[in-house]
Amino acid sequence: MNRVSELLDKLHNRILSDAKLKADETIREAQAKADQTIAEARQRAQREADELLAKAKLEAEAVRRNILSSKVRANRLRILDEKNRIVQEVLGAVEEKLSNIAKSSRFGETAQRFVAEAVKAVDSDQPVVRLGFKGSSKQNLDNVSKVLPKGSKLVFEEDPVDGLGGVVASDAEGRVTFNNSFRSRLERLDSQLLRLIASTIFGE
Amino acid sequence: MSGIDAVRKIVETEGQARRIVDEAKVRAQQILSQSSQEAEMLRQEALSSAQKQREEILRMAKEKAEAEARQSDVETEQLLKNYRKLAEARRDDAVSKALELVLSG
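Top line first, the protein sequences correspond to chains C and F. Each residue of the first sequence is one higher than the last, beginning at -7 in my numbering. Each residue of the second sequence is one higher than the last, beginning at 57 in my numbering.
I should point out that these hints are in silico values taken from the structure, not numbers from a laboratory. No experiment lies behind these values; they were computed from the predicted model shown. All C-beta atoms, glycine included, are put in the ideal place defined by N, C-alpha and C. Hints may be right or wrong, so weigh each one.
Sample of chain C residues at the chain F side, in silico, Cβ under 7 Å [said to hold, decoys possible]:
id, residue
1, Thr18
2, Ala22
3, Arg70
4, Gln104
5, Ser144
6, Ile193
Quick look at which bits of chain F chain C covers, simulated, 3 or more residues with Cβ under 8 Å [claimed, not checked]:
id, stretch
7, 71 to 78
8, 82 to 96
9, 114 to 125
10, 132 to 143
11, 148 to 161
Please put together the full structure from these sequences, using the hints given.
Here it is, written out as structure tokens:
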């Protein structure tokens, strides 16, 4: 009888011991899996965070570039505007002086030369020359007729030619015309004038 | 001990063993569930921290760019001032040269 009881105790202990072993194994496996899950999650989170930060750095550089380039562009425009304003102011003063050239001592010589250039450009036996300067009179333009070939026609305009004054020559039929007004000369010399004024003022 | 008692004891023991194993399974499930929560929490913490760093990086970049932009304004103002001074000093010379070009050119 004792023998049976002893065997039963052993069997009881064995069953419980196996169950505990299995339970321990189950928990150990779960723990290992949990550890792995957490380690993987940590790595993944770090990777995602790194990616986010790398993207943020690119974004920050783009923000910086955007702010700076807008400002640099705006400031370049301000500088160009100011330089242009200065150049235009000089051109305005030049136009003012040109329109009042009749008062200067160079007027007679200048008018003669302009007429001579225009007549030469038209290259006609019977050129028609129109001239008109602010504040000039027929008297102070008398010398002009000296440079005209015979058969020329000289017309004194009451108003300055093209607003600022000057000379326009054409052939008798009006087919060939050469505009030697100050306005026309300013237009023809536009790029040279801009360079000259800019280099004189800004040293460029 | 009778045979019936012996069988009853074995049945009881097996029941006890089953409970031990079942409890372990429940515990294992809890461990796994906790680990999932912890993993999600880790992710959220890392992303939240990265997000804060991102905002700081952007804020600093913006501040730096704005400071550089202000510096560009200062330099531009200085340049404009210099150009105005030059224009004042050289204006008559420029007018005279331009006039000469128009008259003789």
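Hint by hint, here is what the structure shows:
Taken as an interface hint, Thr18 of chain C checks out: its beta carbon lies about 4 Å from the nearest beta carbon of chain F, inside 7 Å. Evaluation of the Ala22 of chain C hint against chain F yields a held restraint, the C-beta minimum of about 3 Å falling below 7 Å. At about 6 Å, the closest approach between the beta carbon of Arg70 of chain C and any beta carbon in chain F falls short of 7 Å, and the interface hint on this residue holds. At about 12 Å, the closest approach between the beta carbon of Gln104 of chain C and any beta carbon in chain F exceeds 7 Å, and the interface hint on this residue is violated.
With 7 Å as the threshold, the beta carbon of Ser144 of chain C stays out of range of chain F, its nearest partner Cβ sitting at about 23 Å, so the hint is violated. Checking Ile193 of chain C against chain F by beta carbon gives a least distance of about 5 Å; that is within 7 Å, so the hint holds. Using a Cβ-Cβ cut-off of 8 Å, 5 residues of the stretch 71 to 78 of chain F lie near chain C, which meets the minimum of three, so the contact claim holds. Note: the stretch 82 to 96 of chain F has 11 residues with beta-carbon separation from chain C under 8 Å; the three-residue rule is met and the coverage holds.
As drawn, the stretch 114 to 125 of chain F meets chain C at 9 residues by the rule of a beta-carbon pair under 8 Å; at three or more, the given contact holds. Coverage of the stretch 132 to 143 of chain F by chain C holds in this model, with 7 residues showing a Cβ closer than 8 Å to a Cβ of that chain against a need of three. Against chain C, the stretch 148 to 161 of chain F contributes 10 residues with a C-beta closer than 8 Å to a partner C-beta. That satisfies the three-residue criterion, and the hint holds.
Checked against the numbered hints above, the structure breaks hints 4, 5 and satisfies the rest.
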